[in-house]
Amino acid sequence: MNYLKEFTKGFIKENPLLVLALGMCPSLAVTTSAINGLGMGVASTFVLFMSNMLVALLKNVIPNKVRIPAFIVIIATFVTIVDLTMNAFLPDLYKALGIFIPLIVVNCIILGRAEAFAQKNNVLVSMLDGLGMGLGFTMAIFTVGSIREILGNGSFFNVKFVTEDASTVLLFIMPPGAFITLGYIMMLMNKLKSKLY
Amino acid sequence: MQKLASTLPNMVLSLTTISVVMALALSFVYQKTKGPIERSKQAKITNAIAEVLPEFDNNPVEDKLSVEGEKVIVYRATKNGEWVGSAVKTYTDKGFSGEFILMVGFLPDGSIYNISVIEQKETPGLGTKMGESKFKDQFKQKNPEKNNLTVKKDGGEIDAITASTITSRAFCDAVSRAYEAFKKGGAQ
Amino acid sequence: MDIVNIIILALLVNNVVLAQFLGICPFLGVSQKISTSFGMGAAVVFVMTIANLFTYLIFNFVLATFHIQFMQTITFILVIASLVQIVEIILKKVSPPLYQALGIYLPLITTNCAVLGTAIIAITQNYNLVESLVYAISTGLGFTLALLLMAGIREQLELTGVPKAMRGFPITLITAGMLSLAFMGFAGLVK
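Protein chains in written order, with the working numbering: chain A, 1 to 197; chain B, 198 to 385; chain C, 386 to 576.
Derived from the structure by calculation, the hints contain no laboratory data. Being a predicted model, the structure only gives us computed values, none of them experimental. Honestly, I wouldn't trust all of these hints.
[Said to hold, decoys possible] Each computed SDA-like pair below joins lysine to any residue, with the alpha-carbon atoms no more than 20 angstroms apart:
no., chain 1, residue 1, chain 2, residue 2
1, B, Lys-331, A, Ser-155
2, B, Lys-318, B, Glu-329
3, A, Lys-65, C, Ile-435
4, C, Lys-549, A, Phe-117
5, C, Lys-477, C, Ile-435
6, A, Lys-195, C, Thr-509
7, B, Lys-200, A, Phe-117
8, B, Lys-291, C, Asp-387
9, B, Lys-229, A, Phe-46
10, B, Lys-331, A, Thr-163
11, C, Lys-549, A, Tyr-197
12, A, Lys-160, B, Phe-332
13, B, Lys-318, A, Asp-92
14, A, Lys-193, C, Val-464
15, B, Lys-291, C, Gly-553
16, B, Lys-318, A, Asn-64
17, B, Lys-291, B, Asp-260
18, A, Lys-95, C, Ile-435
19, A, Lys-65, B, Met-208
20, A, Lys-13, C, Lys-549
21, A, Lys-95, B, Leu-205
22, B, Lys-331, A, Phe-46
23, B, Lys-268, C, Asn-511
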């Protein structure tokens, strides 16, 4: 088994958001700024990494017929841990991400990796898979957030680079902008993939 | 190790064990984060009070009067025992995305010293501009008794945020609610 | 907040898909045909309403009683997953035609974040039982509305020559963006 390949496949070739189209809801909803995108990406990566590790570790003591509820319990636990920790130490980011923190639990990427990968593979490679997929997701959602913040608010990481009164393309920060930005990024990704592979 | 077969005892045992272990892990994290969550909530209130009032030396959080349950609270600030102003935690449910919470600081004569946004979920780039000085500084030094603090469309003297009249109106609503509370509970 | 407001907000102004971004996966996945959109929409309205009923009761009478609100996420997702299973079994026994119509969509609903999202929002907004149920039904109908509109457009889109790189998700997302833009026009309906 090629460890490097398992780690890097989530970056471009099997990018969970841009190629597999998983985890759409948070990628559209919270990406009004670069920092929100990054925060959501990191939170999801943590859950994905931990749940992949635990599922791979426990795969033999979980009977086949109850595996989905077992996975859900595991994932929901890590989501709640992230929820409580962010509420305590990053209250502003927690408020900004809002309901989409508990909703990490239904992010198809996480249950999908548990079901399709971690329950069939050893712990180390499952951890690499979780981390790689998580990073791929983080990069994608961070890109969406950056584009929307730069075009829609004229700032990057809350640092304004236009004057206070300058008009920005507000559309990008509003809901339609989310769909349009992600649509065009996925189109570019299609182009890139057809060139690369 | 062989994978456990899907027999009933196995399934029940495995699921129960996982649930119990996970519930224990969660209650551990809950206990650990309970304090910090409470503290960060408190810090938000104290920071907002300090932002909207002139210098004071008491602890206004201990000298509070709730006018409308937890939603509208008047915090009294004093310096060397003398009353320097009151901060009012106020809310409106007329925002574009529902409720938002403000802290409005009044001087003893009833004029507004400063306003701080505590919690909001308005549209980023539009309604969120209410926190920027261009909008909220219009309220500074105004007295709701003498000035008509509503948006110009409603005959008042406040310039609404571009494309966010709903948010601007809601902001005025929260401020007038704060003033009512200030009159009721701030002056004694 | 009164009932009419809740309905208009959930159905149009804060449309669950086009403004709140919940349930995007089924929105993109099951919106190829108008007929399947109806099935999916009906199944979501059904499950959402039952889920809100149960999560409301469990939150207020179990979690709040024992002060373990931090278990909310884990309890809700388990309740929804089991409800979907139970609904599937009951439908199969009681009403085979309905099962035929909705059956294939039910398993997809467990991971539909709109169901969990609606349950959590109803709790955070402090809705009472009636408001919570009205909210669930209108949200479900809002989901169905968005799904039907999208399906109608996509059936037409099939016949046009979309550039290769744009086919599939990109053009669907951009179309959804246009729909979302149109729905922003409803903003003035309330207040």
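Hints, one by one, checked against the model:
1. This hinted pair checks out: B:Lys-331 and A:Ser-155 have alpha carbons roughly 17 angstroms apart, not beyond 20 angstroms.
2. With a C-alpha separation of about 15 angstroms, the suggested pair B:Lys-318 and B:Glu-329 falls inside the 20 angstroms cut-off, and the hint holds.
3. About 25 angstroms separates the Cα atoms of A:Lys-65 and C:Ile-435, which puts this hinted pair outside 20 angstroms; it is violated.
4. A C-alpha spacing of about 31 angstroms is found between C:Lys-549 and A:Phe-117, which places the hinted pair above 20 angstroms, so the restraint is violated.
5. Of the pairs offered as hints, the one joining C:Lys-477 and C:Ile-435 holds, with about 17 angstroms between alpha carbons and a cut-off of 20 angstroms not exceeded.
6. For the hint pairing A:Lys-195 with C:Thr-509, the CA-to-CA distance comes to about 47 angstroms; that exceeds 20 angstroms, so the pair is violated.
7. With a C-alpha separation of about 16 angstroms, the suggested pair B:Lys-200 and A:Phe-117 falls inside the 20 angstroms cut-off, and the hint holds.
8. At roughly 13 angstroms between alpha-carbon atoms, B:Lys-291 and C:Asp-387 fall within 20 angstroms of each other, so this suggested pair holds.
9. Distance check on the hinted pair: B:Lys-229 and A:Phe-46 sit about 19 angstroms apart at the alpha-carbon level, within 20 angstroms; holds.
10. Proximity of B:Lys-331 to A:Thr-163 is assessed by CA-CA distance (about 12 angstroms); at most 20 angstroms being required, the pair is judged to hold.
11. For the hint linking C:Lys-549 to A:Tyr-197, the alpha-carbon distance of about 16 angstroms falls within 20 angstroms, and the restraint holds.
12. With a C-alpha separation of about 17 angstroms, the suggested pairing of A:Lys-160 with B:Phe-332 holds against the 20 angstroms cut-off.
13. A distance of roughly 12 angstroms separates the Cα atoms of B:Lys-318 and A:Asp-92; the hinted pair therefore holds under the 20 angstroms criterion.
14. Among the hinted pairs, A:Lys-193 with C:Val-464 is inconsistent with the structure: their alpha-carbon atoms are about 40 angstroms apart, more than 20 angstroms.
15. Using a Cα cut-off of 20 angstroms, the hinted pair B:Lys-291 and C:Gly-553 is violated, with the two alpha carbons roughly 40 angstroms apart.
16. Taking the CA atoms of B:Lys-318 and A:Asn-64, the gap is near 43 angstroms; set against the 20 angstroms cutoff, the hint is violated.
17. Distance check on the hinted pair: B:Lys-291 and B:Asp-260 sit about 29 angstroms apart at the alpha-carbon level, beyond 20 angstroms; violated.
18. A hinted pair counts as satisfied when its Cα atoms are at most 20 angstroms apart, and A:Lys-95 with C:Ile-435 does not qualify at roughly 28 angstroms.
19. In summary, the hint linking A:Lys-65 to B:Met-208 is supported, as the alpha carbons are separated by about 8 angstroms, within the 20 angstroms threshold.
20. Taking the CA atoms of A:Lys-13 and C:Lys-549, the gap is about 18 angstroms. The hint holds against a cut of 20 angstroms.
21. Only pairs whose Cα atoms come within 20 angstroms are accepted, and A:Lys-95 paired with B:Leu-205 is rejected, the gap being roughly 43 angstroms.
22. Among the hinted pairs, B:Lys-331 with A:Phe-46 is inconsistent with the structure: their alpha-carbon atoms are about 39 angstroms apart, more than 20 angstroms.
23. Taking the CA atoms of B:Lys-268 and C:Asn-511, the gap is about 14 angstroms. The hint holds against a cut of 20 angstroms.
The structure is inconsistent with the numbered hints 3, 4, 6, 14, 15, 16, 17, 18, 21, 22, although it conforms to all the rest.
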